[in-house]
Amino acid sequence: MKKIIIGALTLSAVTFAACNSGNTQSQEKHDSSAVPAPGTDDKALTEITPQFKDVDTKVAASFKTLVDHYLHIKNALAADNGAEAASGGKAMAQAMAGIDKALLTADQKKRYAENEDDLKEHAEHIGENASNIEHQREHFVQMSEDMYALVTTFGGGRVLYHDHCPMYNENKGAYWLSEEKEMKNPYMGAKMPACGVAKEVIK
Amino acid sequence: MRILINVLLALFGIFILIQFIRPAKNQHRPPFPDDITRSYAIPQEVQTILQQACYDCHSNNTTYPWYAEVQPFGWFLAHHVEDGKKELNFHEYAAYSARRQRNKLKRMKEQIREDKMPLQSYTWMHANAKLTEQQKAAVYRWIDEILNTGDKK
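Chains as they are written, first to last, in numbering that gives the first Met the number 0: chain A, 0 to 202; chain B, 0 to 152.
In short, the hints are calculated from the structure, not lab data. Beta carbons: idealized from backbone N, C-alpha and C, even for Gly. Treat the hints loosely; a few may be bogus.
[Unchecked claim] With beta-carbon atoms standing in for the labels, derived distance ranges: (1) E68(B) to A60(A): 50 to 56 Å; (2) R37(B) to K108(A): 19 to 25 Å; (3) T122(B) to D55(A): 34 to 40 Å; (4) K115(B) to A189(A): 53 to 59 Å; (5) L102(A) to Y139(B): 39 to 45 Å; (6) Y139(B) to K108(A): 42 to 48 Å; (7) Q93(A) to F14(B): 48 to 54 Å; (8) W65(B) to Q93(A): 37 to 43 Å.
With the sequences and hints as input, model every part of the structure.
This is how it looks when you write it as structure tokens:
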């Protein structure tokens, strides 16, 4: 009986540590999942190179701006700042209108069109919901999927990490992109800023 | 006393005048080539639910209540319908990207489950738009089935 209780306690401690809000570095190394601990080195991560090599420089610059705004939203959500996230969303919607689609090849147009209307909608919604950060986060889940699709095809103008938080939305989990190795969870905010595991690096 | 009468008269005059400013009605005739039925098979039961509870604000064809003829209520409704259609339009659904269509389905389910849709202000005046648990379950089943069949168009 004693053994079982101790076993249960250890188990729960380990589970808890996997997503603790505490100190970033030390906690992450205790992560019990099979994925290598993040923050060690990039070699442990699956490396992804963007699909298109022939992206027009102007287009590449536009996408870099999109990623800027995306990261702005991400960092605002991580800081529980809905107003800041909203300004990022508005800026993103505006930046999307400025993308010169005439410069895209037929293939690129297709890939962009697969994400364009969806991404625009999320940007607008995040822009309009400064006072409802949970709703912004719901849209951010799908926005992150769109952005992932875009940066893995067009590139993001910088190294990006594809991070995963297994706990968000009743353990359904959600992904996001980050410019830094250190975990800054945009879904949990101050509740669990360090929850998350890097899954891939996009170069 | 005279001032009060004048104010009331002026208000009444304004009320009469605004009756002549009538918003355009959202009433288009079929065919709707990008209707959601082009994207998915929809069981009759679900189709009826969507039409009764959603189409007034989320399609190109609204059935208006009598008070839509009275301003400023007509303006509010027009504004509502415009917003609703921008969010989700079942008559133009097939024109959305595949990804947006899937995300729409997911969000439809969430909105119903969280009791955010249909709007309370709407079900108030439209009793048959209030979904029973059974109707909700039918919609969830339909959505889950599509989401679980992978990337089928």
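Against the structure, the hints:
Taking 50 to 56 Å as the suggested C-beta distance range, the pair E68(B) and A60(A) conforms, at roughly 53 Å. Remark: the range hint 19 to 25 Å for R37(B) to K108(A) is upheld by a beta-carbon distance near 22 Å. Separated by about 50 Å at the C-beta atoms, T122(B) and D55(A) break the suggested range of 34 to 40 Å. For K115(B) and A189(A), the Cβ-Cβ distance of about 26 Å falls outside the hinted range of 53 to 59 Å, so the restraint is violated.
For L102(A) and Y139(B), the Cβ-Cβ distance of about 43 Å falls inside the hinted range of 39 to 45 Å, so the restraint holds. Taking the beta carbon of each, Y139(B) and K108(A) are about 36 Å apart, not inside 42 to 48 Å as hinted. Range check, Q93(A) to F14(B): about 40 Å between beta-carbon atoms, so the 48 to 54 Å window is missed. Checked against the hint of 37 to 43 Å, the pair W65(B) and Q93(A) passes, with Cβ atoms roughly 41 Å apart.
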